[in-house]
Amino acid sequence: MAKKHISFTLNRQNIDVLVEPRELLIHVIREQLQKTGSHIGCETSHCGACTLDLNGQSVKACTVLAVQAEGGEVLTVEGLLQNDKLHPLQEAFMQEHGLQCGFCTPGMLMRAYRFLQENPQPTEAEIRSGMAGNLCRCTGYQNIIKAVQTAAKNMASA
Amino acid sequence: MRKDLISEPSSFYINDGLQKYGYWKMKITLEKKYAIDAPVENSWAFLQDIKAVAECMPGAEITEKIDSTHYKGIVKVKLGPIKMAFNGDFNIADINAKDKELHLLGKGVDNKGTSSAKMDLVAQVCANNHNHSALIARAEVTVTGKLASFGGRMLTQVSEQILKQFSQQFISQVLALDSETKAKPVQIKRQQNSQSLNGLALIWAVLTGFIKNIFTSRSKK
Amino acid sequence: MASTPEDKQRKENLAGIGCARKRKEDPRFIQGKGHYVDDIKLPDMVYGALVRSPYAHARIKGINKDAALALPGVLTVLTADDLKPLKLHWMPTLAGDVQAVLADEKVCFQQQEVAMVIATDRYIAADAVELVEVDYEELPALVDPHQAMVDDAPVIREDLVGKDEAGQGKRIHDNHIFSWEVGDKSKTDATFKKAAVTVKEEMLNQRVHPCPLETCGCVASFDKVNGHLTVHITSQAPHIVRTVVSMLSGIAESKVRIISPDIGGGFGNKVGIYPGYVVAIVASIVLGQPVKWIESRIENLSSTAFARDYHMVGELAADKNGLIQAMRVNVLADHGAFNSHAQPTKWPAGLFSICTGSYDIPVAYARVDGVYTNKAPGGVAYRCSFRVTEAVYVIERMIDVLAKKLAIDPAEIRRRNFIKADQFPYQSALGWSYDSGNYPAALDKVLEAVDYEGLRKEQAEKRARGELMGIGLSTFTEIVGAGPSKACDVLGVGMFESCEIRVHPTGSVIARIGTISQGQGHQTTYAQIIASELGIPSDQIQIEEGDTDTVPYGLGTYGSRSTPVGGAAAATAARKIRDKARKIAAHLLDVSEQDLEWDIDRFRVEGAPDQVKTMKDIAWAAYNNVPDGLEMGLESVNYYDPPNFTFPFGAYLCVVDIDKYTGETKVRRFYALDDCGTRINPMIIEGQIHGGLTEAFAVAMEQQLVFDESGSIHGNSLMDYFLPTFVETPVWETDYTVTPSPHHPLGAKGVAESPHVGGIPCFSNAVNDAFSHLDIKHINMPHSAFRVWKTIHAQGLDKRT
Amino acid sequence: MIPPEFEYHRPETIDQALVLLTQHGEEAKILAGGHSLLPLMKLRFAEPAHLVDLNFIESLRGIKESNGLIEIAAMTTESQLITSPLLLDKCPLIPDAASQIADPQVRSRGTIGGDIVHADPGNDHPAIMLALEASFVILGSNGERIVPASGFFLGAFDTQLEENEILKAIQVPVSVAGSGHAYCKLKRKTGDFATAASAVSLVVEGGVCKKINIALTNVGATALKAEAAESILTGQTLSDLLMEKAVEKAMAICDPAEDLRGDREYKIHMAGEMTRRAIREAFAKATGGG
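Chains as they are written, first to last, in our numbering: chain A, 1 to 158; chain B, 159 to 379; chain C, 380 to 1180; chain D, 1181 to 1470.
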């Protein structure tokens, strides 16, 4: 099948790549563009390890075609760091021990990043439902919740 | 050998329905009876015409006759966006003229090598009152592989849904035997668009050309 | 010595043992710079994908590769026939059996590996898999292990026909793998005969899967020029992989390099050596190009390393006061089509004989029979030590069954039977020597914290109103830290652990350890151990694991062996350095070694507090000024062979409310007290407990790999397979006591698996307890809403008046 | 888990999309949110040669009200439904149900139109549509037709929509005074289909149930309208006795397939229990108690 040129921004950089229509966004980001922070955990859009931000929304990039990102804005975990400064969520995940093996972490961070913009002062229950699309096998979530709360607090006072 | 280890498993499985301790019965067992508004001779004649029966089912096609009891064929299945094609072997295990009964076995692997389907069917026609007949079908359908893992949720419902459509075809064909002309396929929406059998009743359907109308009972073990 | 604020400060600077410091590995993970197998991209790398069987049991009549080979981008298609000349179509398993690498004439489980397609990208490989035509003749499938040894059972392993053993002792049937027994059978039987009370229950530890978030995979890269093979692999035991690969391929072990990079969770799934790895290696050797093979999630759940499938019959004999006099357990173990469970080689049922638990049981007998079925091979320790979850489940459930029969409170019956604190070291009826423990103290602390009496009162009130509330207890003892090499080996290699430490001239450290972290935080924990031992801040201690070219031989991470064995190796290696440092310090201070005392981060001359040499001073001197006869440099290696296992324990309590109209179970409260001996990093310990409890919750409530009668696997994607999300996961409360292990250099015992092992029976006991006022003795896991409702409905509890 | 090859089309208007559908016939499939179709393609159960992506057609997005009807464009995502002030105010059942579908990421892609047209018996919107007496605005090359939800769902994955047609919008009546709604869904975990679910929409006047719609999810080949249950309650004041009678009637129409969620008996009972809860909740809302 003929490949298509697509362009979009990835972490605020303009990107132009040649892709097959069937290529999944997660594969293009990881393999062509070598941003391997976003992971593949289930391939059926259940685990959320591939979560990234597309046009201001959290999406699971294993279930989005790369051609659908044409003209869009993509933000991955690699784009959270700005001016060499960690995002408050990144700080909070370390502080609260919100990660263990690290495999779900980029997806968690990207979902939390969007979630806190949708709901800057969430309750614990809201965090649980707002993050429910991301699976973690290591932490039991309790410390991730703490991390999101800590980040929310720090972002509010910043 | 330790009898205590190989004894009846039943006592193990307290509080379970069909989903015993991790073993789940996928085999669908159906037994149905259909009334046919035609004499039993016609029904019986049609029942023996494997190819004609197969052609009742859109999407099914007998591609090769190996001998009088062995056939090769393809069954295409379409269900919403789902399409599958099974290459299969069909075997008439037994035709019993006395009981007007046909025993058929069919099995096939899908063209991706990831799923298989199998059917064991006993079909019988019998006379009903006044020039009417009936068909009794007992079928066991088993699927394996990806289709079982991911399509199992739909299997029973879809089988029934498809049969309803197929039975309309079948009836019209048997009725057509009377008028000596081949009946036109019943207009069902799907057939306008597709030659595929709309559903997972698939292989079963090839062989269950016999099945019509209303089903009377159903059990699933 | 009086502790001054200055001393305290120095100690804090180390961030050593006991410090809840932030993890050293986190900065890379939170920035997306973790380095997992699928992140690796080598020049000219190609991709492998496996053709798998749709049948559980079938003969392969032919394989036609033509259409696949004709697809542009396909480089080769490998089948068993291609591996035969290399004698690589079968491989040894860790359990003394053999396993087909690619199906040799027949397939024995659904999704078994039949062929591997190698193509220039993963998309083409996926397309080509469909084009490989395999002609199968279906055979009857054996799914129920209880039918494995009936006379006309289909024979699964034709390669073993006529052989009366399959690597783990005598077989009595073609589908039988081994019988293993322990304990005094006749004494046990006799005790049962005359006991006042006996209870007997059949219970199942259902087939589950560890399901780490990252699946298994590898990148094999063979360098034709110098004959070196490098394999990046998701392995919990890279050195074992190196040895096996060398044995299989004939490549000298020195030319095989196995690298376990960051691993996205293991939980036992990544201990084994899988066909995909082997074929990728062969393909790389054949093609001279790096070959990547990564499982899909469906492949992972369907083919690599399940856990449990233990069909157990537990029995207790007791006097009328509930004092247990004997225990008897018979187990039928379903190992699938090949015996490739991961246990120490001589232990076909792992450490199942810990099944007498925390109780002083005078006599006991256990027997385990392993059988083949047409299911995926495995039987790994899913976040537990080998078969310990099974063992703890049977005793913790059975003691509740006994309590119910005698109408004794479950807490009280435990208290009556506990091994007392003064009985340690305790010799168990099945042969273990428990190192240390204080069970009553742990239980009492939990009961007080949750107001146990209040809960029981509430339960009684709720029952009066027709509501279902359950209180579950679990007072478990684990056995971890495999293990003493006289008892434990893997393929003949003793289960020691190793650590090499180098102190650089400027006082920073690199240490290499033979274990491999899959999220446990080894880079932090080991650094803390060495920090406290050497008086060098943990921030300045670099930990390296997973690369067999640089790390000394180790047996890897599973069965909670990292801290008990690897941590001991690290401490012992560090002490060797400290011994040498003492010599150098004495030389520098011009005193004798005996005049020196160790003080946090320095040696000081006894009685002359100003005369000190810090470890930093000593490190510098080690490279320019050492006493005569002493080698330069400051490094050490230790291969630590533990004298015994360690026996962590805990007391857990769970409160559930069950919706009698839907069967849904709500965990209202879970209180977990763990005693893992000396605590190295409390933050990491708590994190491990949260994670282990969550996995225990999943197993107890909903996880199961389900098979139908044709051997098709169901629920093998994350659509069905239950991994709890934020929403389903309960809130965890943690607590601890500290009873150090007397034989471990630090007194540490290991913790990551206790919450899984102890958690599962706790949830199950809670659900069962909700029905304890009714005539129901035992309900099997998983306690899904559906299955719980079936019990409720059968009892008519959901009737509306 | 790699989808097969296909050609990708990205029309910017509905007309362009219709032309593509006509041109490619049954070889074409519409791509909406993609969370049903793409997994099927990755499993290679679906292999359309052409994908017509509706995500870039502006006129297929948005929610508006006119003449007592709320019109929801088909490509409106679940998250847009959940946060729509218009729906929250005038048709709260839709946001309530949408928030129980899948998870946040899936909801930011998944669309109401895709959910309806895919007609998986496990999808939630079909029952909601039946409960709300919705109508579907369907465009084909012959123009527009409006089809009521009742009768639209023919079977599993099967609706009255022809292969060369597009669902343009959903019309639902604005909820009237004294109305109450509920969607009660039992599921094993986040992201799962319902074991059973029940949608209820009713109007209460002076304590009497003037009108009630009950529809069930995932207990038959399609969403099921529990008409016999409705007639038990219509014109009546709610009592335990009537409730039980209605629940019994609702259970009687269920014909679920057993799967890992449970057997038929369980699912039928759960459909009953969810109906009981939904009626109660809707009543409470209608009478100001919720």
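Errors might be hidden in some of the hints.
Straight-line Cα separation of at most 25 Å, DSS-like style, residue types lysine-lysine; simulated pairs [said to hold, decoys possible]:
no., chain 1, residue 1, chain 2, residue 2
1, D, K1390, C, K1039
2, A, K146, C, K1178
3, D, K1429, C, K1178
4, C, K959, B, K223
5, C, K959, C, K995
6, C, K440, A, K4
7, D, K1391, D, K1369
8, C, K1178, B, K265
9, C, K579, C, K463
10, A, K146, C, K1039
11, B, K230, C, K440
12, C, K1045, D, K1425
13, C, K1045, D, K1429
14, A, K3, C, K1178
15, D, K1429, C, K1039
16, C, K1178, D, K1270
17, C, K634, C, K699
18, C, K1178, A, K153
19, C, K440, B, K276
20, B, K270, C, K440
21, D, K1244, C, K1178
22, D, K1367, C, K1039
23, B, K276, B, K234
24, C, K783, C, K579
25, A, K146, D, K1270
26, C, K401, A, K146
27, C, K401, A, K85
Calculated from the structure, these hints are not laboratory results.
> For this structure, which hints from the list above don't hold up?
Replying inline: Failing hints, ascending: 1, 2, 4, 6, 7, 8, 9, 10, 12, 13, 14, 16, 17, 18, 21, 25.
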